[in-house]
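Visitor: Next come the chains, spelled out residue by residue.
Protein chains: 2
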Amino acid sequence: MNQKLIITIGRQYGSGGRIIGKKIADELGISFYNKEIIEMAAKKTGMSEEAFEKVDETAASSLLYSIATGAYMFGNYVSPQVDLPLNDKLFIIQSEIIKSIANKESCVIVGRCADYILKDRKDVINIFIHADKETRKARVTDEYNISVNNVEGYLNKIDKKRSTYYNYYTGEKWGNSANYHLCLDSGALGIDGCVHIIESYIKEIGNSNKS
Amino acid sequence: MNQKLIITIGRQYGSGGRIIGKKIADELGISFYNKEIIEMAAKKTGMSEEAFEKVDETAASSLLYSIATGAYMFGNYVSPQVDLPLNDKLFIIQSEIIKSIANKESCVIVGRCADYILKDRKDVINIFIHADKETRKARVTDEYNISVNNVEGYLNKIDKKRSTYYNYYTGEKWGNSANYHLCLDSGALGIDGCVHIIESYIKEIGNSNKS
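In order, the protein sequence lines correspond to chains A and B. 1 is the number of the first residue of the first sequence in this note's numbering; add one for each residue after it. 1 is the number of the first residue of the second sequence in this note's numbering; add one for each residue after it.
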C-alpha cells in the first residue's frame, strides 16, 4: 500500500471481530494490535502485565474525581504518575501507545476506544462488528472454547463491560452506527464475508481518493 | 435476480439514503418505495393523502392508551377503524402495505420502520445510512434546495422526529448498528461509494447462499 491505512475494530463479544481484524491485517501485510497493547503498556511503565490485564477495557469509577482534581483531561496527555485508578492509567497509556502506533505505521487495532483516540486523523477507517445472540453463543462455545453455565449471561456481561468502558471514556454510544464508517453483521455475512466487504470498502476509498 | 430480495433503508436526514436506495433499485431493476407508501395508504383507506403526509414518520402520543384499550397490539393486525390517533392508523396501514409488498416482489423500501415490520423474513437486508453534520447540511442546502435559517437545527429536528418514531413503534434504538446488517457513512464514502458497497454486499450474500 502506498498510503497509510489505520483500521479500528469495535466488536460485540463473540462476533468474530478480532478474527476478522487479524485476517484483514494478514491480507494487507500490516500490523495487528489487540492484547499486544497491554504488553506494550506494561513495558512502558514497568508495571505488571497481569495487573493491567485485569482492568483491560474496564471503566474506572472515579473519573469525575480525577477530573475534579485536574489529574486527567480528555485528549491531553497527563502523566500517569499521579494517583489515578489503574483503569484510568491504562487508558491514558494505551491512548499514547495507540497514537504513536498510528503515527508510525499502517495497522489494525481492536477495541480500546481506538476510533475515539484517533478521531482527529483522516487516514482511519472505523469498523464495528456485531451478530445475533445465537451466532455469538455458538462461537464462544465452539471456537473460543469457553465453558460457562450461562453463555448468554456471559455474553451480556462482557458486552456490558465493553459498552460501559467505551461510553465512559468517549462520551459516545458503543455500537451506535454514527461512530463508525462501516458496521457489519457477521451473523448474516460470516467471517469471510465481512473480510470481503471490508476489502471492498478499502478499495472503494482508495478509488475515491484517486479521483 | 432469481431470489427475492428486499432492501430496507433507514437514514439520517440529509445523508442521501433515499437517493442511494433509488440508485440501487434502478440498478437491480426492482421497485422503490418511499412516499409511495403514503399514497397507497390513502388509497386503501379512502382517507386524505395530505392528512397522512402530515403524520408520516411521526410518533403518536397515545399508544399506551391504545394498548390499554386493546385497540392495538404489536405484530398483530388490528382494524384501523377503531378510534386511534392518525399516526397509529398510518403505522398499522403502512405495516400491512409493507408486508404485502414484501410478499409480492423484490424492492427497496425507505424508512417507516420497514426493517422491524419485516423482521421475521429471511430475505431482507437492513441498511442504515448516516453522515457527518457538514456533509448533511451541504446536501440539504444544495441538493434538496431547502432554505431555512438554522440548517443544523432543522437537521436535528428531523432526525429527532425519525428516531422518536422508530424507537416508539419498534422498542429498538434508531441507528443502533445491531438493528441493521450494514451501516455506512455516506460522508466518507460518497453516494456512489455507498451504492458500490451495497452491491458488493448483495453479491457476497448471493455467493454465500450458493455455497
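Treat the hints with care, as some may be off.
[Said to hold, decoys possible] Part of the chain B face toward chain A, derived, beta carbon under 7 Å:
| # | residue |
| --- | --- |
| 1 | F128 |
| 2 | N145 |
| 3 | S147 |
| 4 | N149 |
| 5 | N150 |
| 6 | E172 |
| 7 | A178 |
| 8 | C183 |
| 9 | I197 |
| 10 | S200 |
| 11 | Y201 |
| 12 | E204 |
| 13 | G206 |
Since the hints were made in silico from the structure, they are not lab data. Ideal placement from N, C-alpha and C gives every residue a C-beta, glycine not left out.
Visitor: Each of the hints needs a verdict: does it hold here or not?
Guide: So, going through the hints one by one against the coordinates:
1. F128: holds, 5 Å
2. N145: Violated, because the Cβ-Cβ distance from B/N145 to chain A comes to roughly 25 Å (cut-off 7 Å).
3. S147: violated, 26 Å
4. N149: violated, 25 Å
5. N150: This hint is violated: B/N150 lies away from chain A, its Cβ roughly 21 Å from the closest one there, beyond 7 Å.
6. E172: Hint on B/E172: violated, closest Cβ of chain A at ~12 Å, above 7 Å.
7. A178: holds, 5 Å
8. C183: holds, 4 Å
9. I197: holds, 6 Å
10. S200: holds, 4 Å
11. Y201: holds, 6 Å
12. E204: Check passed: Cβ of B/E204 comes within 5 Å of chain A, closer than 7 Å.
13. G206: B/G206 check fails; min Cβ-Cβ to chain A is 11 Å, beyond 7 Å.
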